[in-house]
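Respectively, the protein sequence lines represent chains A and B.
In case it helps, this note's numbering puts the first sequence at residues 350 to 732.
In case it helps, this note's numbering puts the second sequence at residues 350 to 732.
Treat the hints with caution; some may be incorrect.
No copy labels: a pair is met if it fits in one copy or bridges any two.
As the list claims (entries may be wrong) - Derived lysine-lysine pairs resembling DSS-like cross-links, with alpha carbons at most 27 Å apart:
id : residue 1 : residue 2
1  : Lys430    : Lys419
2  : Lys588    : Lys528
3  : Lys368    : Lys350
4  : Lys357    : Lys368
These aren't lab readings, by the way, just hints derived from the structure by calculation.
There are 2 protein chains.
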Amino acid sequence: KAGWVVVKSDTVVRDGFVKVEAGMITEVGSGPITGGNVVDHGEGALVPAFVNAHTHLELTGLANKVVADKGFKQWVKDLLKARETAGYDFLQSEAAKGVAQLIESGVVVAGEVSTLGITADLFASSPLSGVWFREILGNRVPEDAVAGNGVRDSCCSFAAHAPHTTAPDVIKELKKLCKARGQVFSIHLAESDEELEFIRTGRGSWGDFLRKRGIDFSSWPIGAKSPVEYLAKTGVLDKGMLAVHLVHADRSDIKLVAESGVKVCLCLRSNARLHGRMPDVVRMVAAGVPLCLGTDSLASVDSLGILDEMAFMSYKFPSIPASVVFAMATENGAKALGVGRRFGTLEPGKTGALVYLPVRASNRADLFDSIVSAGGMQVSVIL
Amino acid sequence: KAGWVVVKSDTVVRDGFVKVEAGMITEVGSGPITGGNVVDHGEGALVPAFVNAHTHLELTGLANKVVADKGFKQWVKDLLKARETAGYDFLQSEAAKGVAQLIESGVVVAGEVSTLGITADLFASSPLSGVWFREILGNRVPEDAVAGNGVRDSCCSFAAHAPHTTAPDVIKELKKLCKARGQVFSIHLAESDEELEFIRTGRGSWGDFLRKRGIDFSSWPIGAKSPVEYLAKTGVLDKGMLAVHLVHADRSDIKLVAESGVKVCLCLRSNARLHGRMPDVVRMVAAGVPLCLGTDSLASVDSLGILDEMAFMSYKFPSIPASVVFAMATENGAKALGVGRRFGTLEPGKTGALVYLPVRASNRADLFDSIVSAGGMQVSVIL
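Throw the hints in and build the complete structure from the sequences for me.
Next comes the structure, spelled out in structure tokens:
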């Protein structure tokens with residue numbers, strides 16, 4: 350029990366309780382409690398565990414090792430170099446610290462995107478739920494992926510890196526694999542100036558960069574108006590798709606995204622550092638795009654906490670109601686990762702994954718404002 | 350707002366509120382309320398509008414005109430005679446009074462089964478939601494039914510009368526029509542001794558009765574162990590089926606029903622009067638059969654109120670928790686009629702159809718006990 354129970358953004362109970370039996374929520378509400386072990390968490394708020402829908406735990410070890418002030422392409426080059434220098438053993442042990450940081454900050458559900466594949470065991474054995482994405486770049490779907498061996502169980506799925514790094518045929522094939530398995534497919538989309546220029550013209554320094562990495566793009570249908578339009582032409586935009594970033598999405602892109610039902614994960618702090626530019630969040634909210642939040646990796650942000658991400662969004666977009674930001678950080682994230690039946694709200698039938706926030710509030714509007722500005726606050730995670 | 354808000358059987362809020370905007374619930378919970386017109390209903394309970402999943406409004410005019418103490422077959426004969434004597438005009442105007450009685454008793458969602466077809470317009474123009482079932486007997490599906498003309502819009506569906514009155518081919522064809530239209534199909538099942546004997550042996554007086562009504566049953570596959578087993582053989586048992594009564598369902602019948610996902614509507618007061626026998630409700634609850642409640646018509650019960658039905662069930666089966674009975678009368682009923690997305694609970698997103706009950710309770714167990722024993726209580730309906 351606690352001073353407030355936020356079942357979800359439109360269901361908030363004063364002096365409420367959440368009854369958890371055998372790991373599952375069986376009752377919520379208020380009024381006298383009889384029987385069972387009652388834990389009084391205090392005057393603050395019990396809320397659903399947060400969802401970090403996009404992170405790269407395998408880059409945890411690169412925290413503070415790559416600077417962003419020389420442009421995005423240089424950052425990518427430095428990142429790849431630092432990743433090589435660090436070595437897999439180091440990256441793996443640091444990734445475990447990333448898991449701890451997620452849990453401590455109240456994140457229990459995550460979308461972990463792994464290029465190297467080194468976080469698969471970690472994710473599976475961690476307290477995290479959600480989706481481990483095996484990320485594919487280049488012109489070929491690895492054979493073990495086609496056979497389904499590269500993705501080991503129901504927690505795991507595929508991601509394509511991005512339109513400017515992964516061949517359209519590969520994107521289509523991966524999407525098809527995910528669809529057949531009933532899983533979410535993810536992709537970085539419309540993130541950088543470099544991606545935009547390359548997708549529009551095929552020119553710019555990105556082509557050279559790809560060639561150097563051995564990726565031949567001569568057969569790609571370059572020349573779309575935007576990355577979103579380019580991807581729409583491949584036919585992969587649907588509600589089983591989680592597109593990340595959308596920094597460069599204009600009015601018509603957002604319309605395309607909204608109509609297709611694509612889920613969008615925003616990583617605003619990462620965008621600010623790497624690109625100095627924000628997506629058009631206000632327009633996406635107005636268009637009804639299902640938005641959720643991610644942090645990206647510690648190579649581009651200072652923490653893996655979603656409370657920090659919520660605070661940053663509210664700071665950058667004060668017109669978006671705090672309860673809407675809260676929904677992005679919980680229910681929307683769980684739905685985007687395909688685990689909305691088990692996580693994202695405190696409704697009976699869902700998993701008993703709760704966070705207690707020691708906030709103070711006199712009414713519901715206050716409460717959501719306090720939660721959304723609680724970045725950095727010490728929280729308790731109840732599993 | 351009210352002293353208690355029962356969002357659903359596992360979500361109860363003390364001193365709570367339900368916010369309704371443009372007919373839809375947009376928020377529930379507790380804590381200070383700001384803005385909007387606040388109506389304080391009192392110390393009692395706001396609950397979801399009740400669901401009467403099985404009634405025959407066209408027989409409302411036969412209230413107190415047919416006695417049940419000469420056996421079921423005689424009751425059916427008397428009923429048919431009384432129905433003929435009454436005339437359609439009288440039955441129609443009385444049916445309108447039945448609608449009023451439903452609404453006054455807190456029922457806003459109904460499963461109305463009509464053999465004569467005379468309640469279709471009434472149902473469509475009434476404040477009731479739910480399903481109007483056109484009921485078919487005999488050996489032939491009417492041509493207008495096949496064309497879909499006999500069932501006019503999304504509110505309407507088909508019912509077969511019963512295994513011992515409707516040919517198996519007709520049952521199958523109607524079920525197929527309903528499935529194609531995405532609608533619930535309903536049937537009276539395992540209600541009477543007469544049905545049981547006829548389905549088992551083809552003997553007994555029911556055969557004579559059918560012959561007299563011009564229904565030739567020589568090609569029906571009589572000889573099953575039970576009506577449930579007989580129907581299972583036709584392949585129509587699935588979760589889109591609402592079976593009514595199940596008075597004669599033994600352990601293996603209940604297993605069949607539970608495994609197939611069939612919804613079951615109980616009309617205990619009607620069963621008591623017409624058959625002096627109760628279904629095995631305790632076993633059905635234990636088996637996880639999705640149970641809901643109906644009254645049947647005023648030709649066999651004294652009221653169309655579901656609170657009365659709940660009270661009778663609790664009286665007959667005191668071991669069944671009141672919160673479980675409450676779920677039958679609300680959420681389960683809405684789901685059984687295929688309107689669970691709009692009715693049955695007070696969750697945000699659903700229709701603002703509420704009932705206020707002036708009960709008093711000090712805790713949740715008390716509260717459900719008070720609600721379940723509130724039969725006959727004056728309630729307020731909020732639409």
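We went through each hint and held it up to the structure:
1. Lys430 / Lys419: Cα proximity of Lys430 and Lys419: one copy only (15 Å, versus 93 Å across).
2. Lys588 / Lys528: For Lys588 and Lys528, both the intra-copy (10 Å) and inter-copy (26 Å) Cα distances are at most 27 Å.
3. Lys368 / Lys350: both (9 Å within a copy, 24 Å between copies)
4. Lys357 / Lys368: This pair counts as both: shortest intra-copy Cα distance 16 Å, inter-copy 15 Å.
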